[in-house]
Amino acid sequence: MDHLANEAEIEGLRPGRVIILSSSFQGTPRAMQQNYQDAMAIVRKYGKPDLFITFTCNPTWREIKEQLFPGQTPSDRPDLITRVFKLKVNELIEDIFKKRILGRTIVNVFVIEFQKRGLPHCHMLIILTNEYKPKDENHIDRIVCSEIPDHVQFPQLYECVRRHMIHGPCGTLNPHSPCMEDGKCSKEFPKEFQNVTMANKDGYPRYRRRDNGITMTISKYEVDNRWIVPYNPYLLMKYNAHINVEICATVKSIKYLFKYIYKGHDCANIKLERPIQQDAAAQ
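Per my numbering, residue 1062 is the first one in the sequence shown, and the count goes up by one each step.
Bear in mind the hints are in silico, worked out from the structure with no lab data behind them. Be a bit skeptical, because a hint or two may be false.
What the hints assert, rightly or not - As a list, the in silico EDC-like pairs of lysine to aspartate or glutamate whose alpha-carbon atoms are at most 20 angstroms apart:
#, residue 1, residue 2
1, K1320, E1334
2, K1320, D1099
3, K1194, E1155
4, K1252, E1283
5, K1299, D1156
6, K1177, E1152
7, K1106, E1242
8, K1109, E1242
9, K1332, E1072
10, K1299, D1202
11, K1245, D1285
12, K1324, E1174
13, K1177, E1242
14, K1299, E1124
15, K1299, E1152
16, K1299, E1155
17, K1248, E1283
18, K1177, D1202
19, K1299, E1208
This one's a predicted model, so the numbers in the text were calculated from it and none came from an experiment.
Whole structure, please, built from the sequences with the hints as guidance.
Now the structure itself:
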């Protein structure tokens, strides 16, 4: 307020009416900052998050398609999409907290955002109790998978991976993909083949991606395990949507993760100017 008053005095203008949105007003920078501070307080008490989950709405869910009127598409019903997605998020939280499908959970923090194409997605951070924290490569492999399943033994899982968990393709296969920046994939795909999962001190583990000859065709491109986004098989099959599950490897990544989920929405700046009168301009 002092800054606005000083600027108004310098310019010889009236400052107008100042309105400050408090942290109780959801979606504002103050609210995001308050949420970030609250989340970091949780980390100080319970330790770093163990899992990072990104859950994206699937507009072809049966619950959405069955409620569309003739001639409508899911994009015509944002009310329906958001309602169904919130119910799915509530069920996911129940699976994690009450059913303990990933182990006993003591804390979860999540935010819901909207993609530019209008679909909501949820970023969730989870803290597990000590006995369920992923401590070795075998434990990580029981939670996270980064490989194409056998289409004969697991046909439903294979189809879910094909529809939801393939990145791109990009790189030399598709240099015009939206993820390409300066000739490289911003998500660092394709990954390298990896016979065993290895911990990474600087970020996410390097998940097992064996060169086992299993491939699938996406559009006109043939992809292998290097293009798979990490997932949990149970969650992927149950929710039939893009649901990325990652292990939070180090304390170094914690502030980044919390700032990422509380970064706020995309914004546009608008400047209003008084139109120049033609007579004044001529003079």
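Item to check | Enumerated hints in conflict with the structure, sorted upward | outcome: 1, 6, 7, 8, 18
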